[in-house]
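A.B. asks: Sequences listed follow chains L and G, in order.
Every letter in the first sequence is one number past the one before it in my numbering, and letter 406, counting from 1, is 389.
Every letter in the second sequence is one number past the one before it in my numbering, and letter 138, counting from 1, is 121.
One should not assume that every hint holds.
When chains are identical, the list treats them as one kind, so a pair holds in a single copy or across two.
Stated by the list, open to error - List of simulated lysine to any residue pairs, SDA-like, C-alpha gap at most 25 Å:
| # | residue 1 | residue 2 |
| --- | --- | --- |
| 1 | Lys138 | Gln377 |
| 2 | Lys318 | Asp292 |
| 3 | Lys127 | Thr307 |
| 4 | Lys127 | Ala203 |
| 5 | Lys257 | Arg317 |
| 6 | Lys159 | Gly305 |
| 7 | Lys381 | Ala237 |
| 8 | Lys127 | Ala30 |
| 9 | Lys257 | Val316 |
| 10 | Lys318 | Thr252 |
| 11 | Lys138 | Asn397 |
| 12 | Lys177 | Ile221 |
| 13 | Lys318 | Val296 |
Rather than coming from a laboratory, the hints here were simulated on the basis of the structure.
Number of protein chains: 2
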Amino acid sequence: MNSNSVATPHSAEISVNGQSFRIPDRALAVICIDGCGDEYLSVSMAAGRMPHVQEMAATGYRGMVRAALPTFTNVNNCAIVTGVPPCETGIAGNYILDPETGEEVMTNSSKFLQNETILAAASQAGRKVAMVTAKDKLRELLSKNMDGIAFSAEKADEVTEEVHGIAEVERLVGPKPSIYSGEASLYTLRAGVKLLEEGRADFLYLSLTDYMQHKFAPEAPESLDFYGAIDEEIGRLIELGAVVGATADHGMNAKMRADGGINVIYLETELRAKFDQGCRVICPITDPYVVHHGALGSAVNVYLPDGLDQLEVARWILDQPGVTEVHDRETAVRKLELPAAGVGDLFVLSGRNAVLGRSPEDHDLSQLEGSLRSHGGRYEEMVPMLLSEPLSEQYRVKAAGDPRNFEIFDFVCNGLVPRESSTS
Amino acid sequence: MNSNSVATPHSAEISVNGQSFRIPDRALAVICIDGCGDEYLSVSMAAGRMPHVQEMAATGYRGMVRAALPTFTNVNNCAIVTGVPPCETGIAGNYILDPETGEEVMTNSSKFLQNETILAAASQAGRKVAMVTAKDKLRELLSKNMDGIAFSAEKADEVTEEVHGIAEVERLVGPKPSIYSGEASLYTLRAGVKLLEEGRADFLYLSLTDYMQHKFAPEAPESLDFYGAIDEEIGRLIELGAVVGATADHGMNAKMRADGGINVIYLETELRAKFDQGCRVICPITDPYVVHHGALGSAVNVYLPDGLDQLEVARWILDQPGVTEVHDRETAVRKLELPAAGVGDLFVLSGRNAVLGRSPEDHDLSQLEGSLRSHGGRYEEMVPMLLSEPLSEQYRVKAAGDPRNFEIFDFVCNGLVPRESSTS
Chain L
-16 MNSNSVATPH SAEISVNGQS FRIPDRALAV ICIDGCGDEY LSVSMAAGRM PHVQEMAATG
44 YRGMVRAALP TFTNVNNCAI VTGVPPCETG IAGNYILDPE TGEEVMTNSS KFLQNETILA
104 AASQAGRKVA MVTAKDKLRE LLSKNMDGIA FSAEKADEVT EEVHGIAEVE RLVGPKPSIY
164 SGEASLYTLR AGVKLLEEGR ADFLYLSLTD YMQHKFAPEA PESLDFYGAI DEEIGRLIEL
224 GAVVGATADH GMNAKMRADG GINVIYLETE LRAKFDQGCR VICPITDPYV VHHGALGSAV
284 NVYLPDGLDQ LEVARWILDQ PGVTEVHDRE TAVRKLELPA AGVGDLFVLS GRNAVLGRSP
344 EDHDLSQLEG SLRSHGGRYE EMVPMLLSEP LSEQYRVKAA GDPRNFEIFD FVCNGLVPRE
404 SSTS
Chain G
-16 MNSNSVATPH SAEISVNGQS FRIPDRALAV ICIDGCGDEY LSVSMAAGRM PHVQEMAATG
44 YRGMVRAALP TFTNVNNCAI VTGVPPCETG IAGNYILDPE TGEEVMTNSS KFLQNETILA
104 AASQAGRKVA MVTAKDKLRE LLSKNMDGIA FSAEKADEVT EEVHGIAEVE RLVGPKPSIY
164 SGEASLYTLR AGVKLLEEGR ADFLYLSLTD YMQHKFAPEA PESLDFYGAI DEEIGRLIEL
224 GAVVGATADH GMNAKMRADG GINVIYLETE LRAKFDQGCR VICPITDPYV VHHGALGSAV
284 NVYLPDGLDQ LEVARWILDQ PGVTEVHDRE TAVRKLELPA AGVGDLFVLS GRNAVLGRSP
344 EDHDLSQLEG SLRSHGGRYE EMVPMLLSEP LSEQYRVKAA GDPRNFEIFD FVCNGLVPRE
404 SSTS
């Protein structure tokens, strides 16, 4: 395994959503470590489990970037692959009330994505693009207009050349893992390593799953093992000559009361009891994979029937323990970069240790084993950014400002010291 | 220098502000690393500059705790030494509008502190308490009712047995440093080491200054040197047998526009132009030491004259770029644990890269050298907590919830695995 096995890719300048990206003449891998609060890195590094990432931090860059609200997977993966916030992607949740039909729908289709992706543009510029996601829900959504390889670890056994750009994933990477496992993420990374090693791809987006982070705190031995294994694969990508950037879609916090119970407010139940049976709460964390979080997160959309005093309801919601912010739609659009069509009459955020739900019947907590870690609010907004090579002076300034997780392709393509001069 | 030189202190159970603390039969040092955003530790550790703190993280604890809003020095130091939030200390800023007199005052006197300190209670329980602060402004404020040693690095040459409980600081620690230096913080730590070493104290609170963090980003060589020197002193405290806990009063962020200018809104100027000449803005960051931040922070109090529509003004303020939250007094009290007397009609927070000021004439930016790093809002709320020994199971659960920086004495006194069993 050495970098000689990777053919030299050609450089390209692409323009996507009003931004330009100078794709370097070498392999590039951007990783979204789903649910990777910075403390997962700190604790794993302190335990000596992430030597390659430690080296990245020492010789490249490690800093904090701000994710898009609400801090959910689809929202931030769409922002990352397009380079712009949710007001431009149109994706404001995993699960939304479609304003055109009034139906509740998952946003797992590229028909909801309103703009173009950096992946598609790179593939159209002739780069060998591969996108591997742990969850299949992201695959179709993020591979919009992309030529190249796009598959999920979850459905690695159902790939075809025609649809996925590759036919033999399991032969290449091994038998597909369970989606409810750390293996689903490691398989995604290993697939990236294999594709790079065999020259099948030189422009990679690898998006993991947060099953482990929902289930385990940073100190848990299972988490340390998981991050140790992530570190090994990142080390392999670097060893193969790729420039590597990594960030997260959101952080992760325990959402428990001091007495050991889950710290949840069932907001639809409360609003219906207090105000009107027509009140409706949509939980944008909802996706096909709810075993590890029961669809409970720290942001919800509230839809109110006509005639209710919106300001009165907003004040009452803010008064509830654990609720930290309540914004009307106009404010959410103006201050939180959200698309109007994707948010409710009110957009509600909860605190570091609190989640919001719909009604007890809407959430299956039976698989949680009495403990909940989740995300969605401001306390899961700050996430790490790791780069395998040092930043240019201009991008050091940018990184010291208010850099965003969805600027990771900008940082990797435009922000690093050119290789020629980096050794001088 | 070894732990034999420290006489064994006696254990004590004290009760302060409704909480009890089991002070261990050994020396204890709590450090407030002023302005220590977690990235200062991460970057310094990656550079190999903090081996003792790295060891603390590996064998004790490193995690994130939430500071009190607004994230300023007096607010959080008072919360830390009393163990409770600002609604109980009464301290909601370094600088407030005294509601009784209508005058603008600094809160640098213990007459403003409404409750009792853990330091005073420990001294009354017979422990040899020493409090050393970098800035003299904190000394009198935090030493309320305390028997023992209390002095500042800033005025180390002006100590007397009668007032400070010690007369020969400069002979013990060396010539006093400039308050505008990293040395002011290092002197504070070295004083703690000396007092411990000589058996003059066994219960220490050491509160540093954020001059360096205001001035330098984590990657700056000056910052790496500074944190390396902090690490050495922490190592000495541990070597002398003390159990060590460290946290911060607030984090620190660059507050710059993309074009290189300081990202500030002069809110009083704007409000007077838009609404009424009677609008008044109080900047609670203001203290006697404004050289390194020009009294610009990410939280301000707004006082409105009678007759203005408060809701209309609030909406207008929220509409300004960089402003993230606007709360009326009642909401600030209810949601942000603030004392009503310490907040304005409106309490305003700004974002990661934005500060709020009064008017251009009120802020001297001449010393900033064109660059501003500051704090005060939610993006400086999450700070590290370091413990030199492992947490008990009960406090591991607490640490995984929504632990606060002002619970550090609770963690150090009540939360660690007892020494007898920690080696088993």
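A.B. asks: Give a verdict on every hint.
C.D. replies: Comparing the hints with the structure gives:
| no. | hint | in the structure |
| --- | --- | --- |
| 1 | Lys138 <-> Gln377 | neither (41 Å within a copy, 41 Å between copies) |
| 2 | Lys318 <-> Asp292 | both (22 Å within a copy, 22 Å between copies) |
| 3 | Lys127 <-> Thr307 | neither (36 Å within a copy, 34 Å between copies) |
| 4 | Lys127 <-> Ala203 | neither (37 Å within a copy, 42 Å between copies) |
| 5 | Lys257 <-> Arg317 | between (29 Å within a copy, 20 Å between copies) |
| 6 | Lys159 <-> Gly305 | neither (40 Å within a copy, 46 Å between copies) |
| 7 | Lys381 <-> Ala237 | between (31 Å within a copy, 10 Å between copies) |
| 8 | Lys127 <-> Ala30 | neither (40 Å within a copy, 41 Å between copies) |
| 9 | Lys257 <-> Val316 | between (27 Å within a copy, 24 Å between copies) |
| 10 | Lys318 <-> Thr252 | between (28 Å within a copy, 22 Å between copies) |
| 11 | Lys138 <-> Asn397 | neither (34 Å within a copy, 49 Å between copies) |
| 12 | Lys177 <-> Ile221 | within (13 Å within a copy, 47 Å between copies) |
| 13 | Lys318 <-> Val296 | both (20 Å within a copy, 16 Å between copies) |
Consistency with the previously given hints fails for numbers 1, 3, 4, 6, 8, 11, ordered from lowest to highest.
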